[in-house]
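A.B. asks: Each chain, written out:
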Amino acid sequence: MARIFMKGCEAIAESAVRAGCRFFAGYPITPQNEIPEYLSRRMPEVGGVFVQGESEIASVSMVYGAASAGCRSMTSSSSPGIALKSEGVSYCASARVPMVYANISRGGPGVGSIQPAQMDYLQATKASGNGGFEMMVFAPASVQEAADMTYKAFDYADRDRNPVLILCDGVIGTLMEPVELPEMKTSEEVAAIKNSKKPWSCIGHGSDYATRAWIQPGQWSTVTQQQENEKAAALYESWRKNDARAEEYLTEDAEVVITAYGISARVSKTVVDILRARGKKIGLIRPITVHPFPVQSFERLDYSRVKAVLDVEMAIPALMAQDVEKAVGDRAPIHTCLCSGGNIMKKERVLAAAEKLFELVK
Amino acid sequence: MEKIYSRTKGLRADVVGGFCPGCMHSTVMKLIGEVLEEMNLFERAACVLGIGCCGLHMDYMSFDNITSPHGRACAVATGIKRSSPDSLVFTYQGDGDFAAIGLGESMSAANRGENISVIFVNNGIYGMTGGQMAPTTLMGMRASTAPAGRTAKEHGYPMHMCEILNQLTAPAYIERTSCNTPQNTLKTKKAIAKAFQNQLEGKGFSMVEIVTSCPTNWGMDALGALEYINEKMLAEFPLGVIRDAREG
Amino acid sequence: METNLLVAGFGGQGVMVLGKLLSHAACDSGQKNVTFFPSYGAEQRGGTANCYVVISDDAIGVPVGDTMDDLIVMNDPSLNKFIGALKPSGNLFVNSSIVKEEIKRSDISVVKAPVTELSLKLGNPKVLNVIMLGVYVGYTNIVDEAVVEEVIARQLGKNADLIPLNREAFHMGLDIGKERRKA
Chain A
1 MARIFMKGCE AIAESAVRAG CRFFAGYPIT PQNEIPEYLS RRMPEVGGVF VQGESEIASV
61 SMVYGAASAG CRSMTSSSSP GIALKSEGVS YCASARVPMV YANISRGGPG VGSIQPAQMD
121 YLQATKASGN GGFEMMVFAP ASVQEAADMT YKAFDYADRD RNPVLILCDG VIGTLMEPVE
181 LPEMKTSEEV AAIKNSKKPW SCIGHGSDYA TRAWIQPGQW STVTQQQENE KAAALYESWR
241 KNDARAEEYL TEDAEVVITA YGISARVSKT VVDILRARGK KIGLIRPITV HPFPVQSFER
301 LDYSRVKAVL DVEMAIPALM AQDVEKAVGD RAPIHTCLCS GGNIMKKERV LAAAEKLFEL
361 VK
Chain B
363 MEKIYSRTKG LRADVVGGFC PGCMHSTVMK LIGEVLEEMN LFERAACVLG IGCCGLHMDY
423 MSFDNITSPH GRACAVATGI KRSSPDSLVF TYQGDGDFAA IGLGESMSAA NRGENISVIF
483 VNNGIYGMTG GQMAPTTLMG MRASTAPAGR TAKEHGYPMH MCEILNQLTA PAYIERTSCN
543 TPQNTLKTKK AIAKAFQNQL EGKGFSMVEI VTSCPTNWGM DALGALEYIN EKMLAEFPLG
603 VIRDAREG
Chain C
611 METNLLVAGF GGQGVMVLGK LLSHAACDSG QKNVTFFPSY GAEQRGGTAN CYVVISDDAI
671 GVPVGDTMDD LIVMNDPSLN KFIGALKPSG NLFVNSSIVK EEIKRSDISV VKAPVTELSL
731 KLGNPKVLNV IMLGVYVGYT NIVDEAVVEE VIARQLGKNA DLIPLNREAF HMGLDIGKER
791 RKA
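Just so you know, the sequences run in chain order A, B and C. Going by the working numbering, the first residue of the first sequence is number 1, and it counts up by one from there. Going by the working numbering, the first residue of the second sequence is number 363, and it counts up by one from there. Going by the working numbering, the first residue of the third sequence is number 611, and it counts up by one from there.
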């Protein structure tokens, strides 16, 4: 397939269309404006719907509605806007409505900075809204991955009847790179996906209470509410076993292991290559799903060799480090290399931090 | 014996609604059920319920429904209608939902001329949460968060949603009705039917504001609440067709 | 082989378009990897604009680096801001119509081209970036000039009347670049 030179945001938007997404609602915020702008042009071409909502809250509510009608649906925003969407995302998770959304994240907290950052890790992986729900969260490190993950995200969302988040830092969202786009689903395939959702979609089923569609983001009965929570918990548990993904790069004999996701991982991988060329035993664990967190990759490390782990994030304080600490335990010390405020992680910083670790563990 | 009246199929036959005595929510949903039945629309009906006492309907009604986040009913309805244009999509919202927390969603959906129908139930108070002040609470009316009654200085004035929406160009139909008398109840049913018919004809945004009571939180019995509607509520919220694009 | 290029200038000088055209051409040139990263600010007009282009035979790990192999500056503030980022023996391309400050570094190659004046000679001040793109491609030969020409026609070809003008502008730059490379 031909390579196209495309921006991360646009690749996400086009992949969504190719995956059969036919409803998008969003609200302007930098640096994700290319997603709604692209889809405002693209959706009409495929018989889909684009709505510029009056707010992030309204936009995610529209997506909740469209997804409840059985349509593959998506919204996107950037950090402060994602915070506003937490209401609708929680409703989707509670009512078990499949939807996909993307966070092209920027500095924070508050309005923060409009430049790239990775400050939303805990929000994305631990509490994207009220009520203790969980979601699969994908973290692309290239435009190609952003495209592929968005495409697959719709399948995961439908499989689990749950929201799926693409956590994409502002670098990957803004970066242009050659990309091979996933295959366009035919209109028959798109219709078939929608039809498969008909039994539960809120579009009209007659007047029989037993067979009507009922999109229920909460339960009056404490008994059924607990049952719903238990069902959801079992689903979340299944992800930890089956769906955690990571790239393990040169970790087998590593004495120092860097761990990072998104653009930080990409920069870190370059540092691994530089140090390997100098004979240093260093590797990288790059979470591809930041939730479920790929604990297994850390389990597979040979801790008789690993002397230190270096957590690299565009976040101050360190956020993913909390999950890394849990995964590594007391088997190796964890150090951090951090930047924030919209500053992009520098190769030189990571290199210096890694070299310092080799000094320390000598 | 010939059966001349029966419960609408829109309501479950096997349960009794749990609304307070004198509450008009059950009246309004009965009217909606009757209209859907008479217009043969159950196969296409998707009801978006607001938060609050509105949400209690979910277990009494027999057709498709979705509970929206508080205030977002018009946005949720937008999503359903745009992606499933053959469905008959309507919201069922109270005054807090439609006119306070959801004001942005309500105004914006109306301004876009979304082809949906809004059933806006205005009883001037928050019901389920226990009688707090609403945007439509009357001047001087007591609420659990305005114990001395609503004052202009502290709370401003009641919001007239029909008149506010009438400032917009897009809406097709705006009417205020009540269920305080049998005649007005019949007018309400006609208004609901018209709002649905407009949607079937693709006319765009229709809204029926129904002035109702909340005897429990008003601290009255059912009859007293009816009198209060007649004397106070309708003085503040006059009934009638505010906009009808077909006539205009 | 990896080349890091930074293009900087005033907003409105077509800095982003220059970077994108080059990147598109690199993308179209077989299996080269290429990244384009626009620095973005809050202002829509004015201010400074810059973008990072990395062209490599291998995977690109750092799309926004600290040290540049090549630097194109279209105005004085950009020169001052980024001259320090250019590696020793790096190439500096200067819009000499606008940049009046002295270039103090002697460990770099400097290619001056009065692209603003040249664009005015062509009758359209907007094509200064296409001239500069020609200078850069002519001097570095980083991508095949024929591929760049195709990209220019495709990307800037919405108005068919402007294709000959842009082609002329590109060739004008190419000639300057090639000339300087020989020198």
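Certain hints may be false.
[To be verified] Covered stretches of chain C, going by a simulated chain A footprint (3 or more residues, C-beta under 8 Å): (1) 623–637; (2) 674–685; (3) 728–737.
[Stated by the list, open to error] Straight line, CA to CA, 20 Å or less: simulated PhoX-like cross-link-like pairs of lysine-lysine: (4) B:K365 - B:K392; (5) A:K126 - A:K194; (6) A:K307 - A:K356; (7) C:K691 - A:K362; (8) A:K347 - C:K697; (9) C:K736 - C:K691; (10) C:K722 - A:K346; (11) A:K152 - A:K231; (12) A:K326 - A:K241.
Treat the hints as calculated values from the structure; they're not laboratory data. Note that the structure is predicted; figures quoted are calculated from it, not measured. C-beta: ideal position from N, C-alpha, C; glycine also.
A.B. asks: Among all the numbered hints in the text so far, which are the ones the structure does not match?
C.D. replies: Numbers 3, 5, 7, 9, 10, 11, in rising order.
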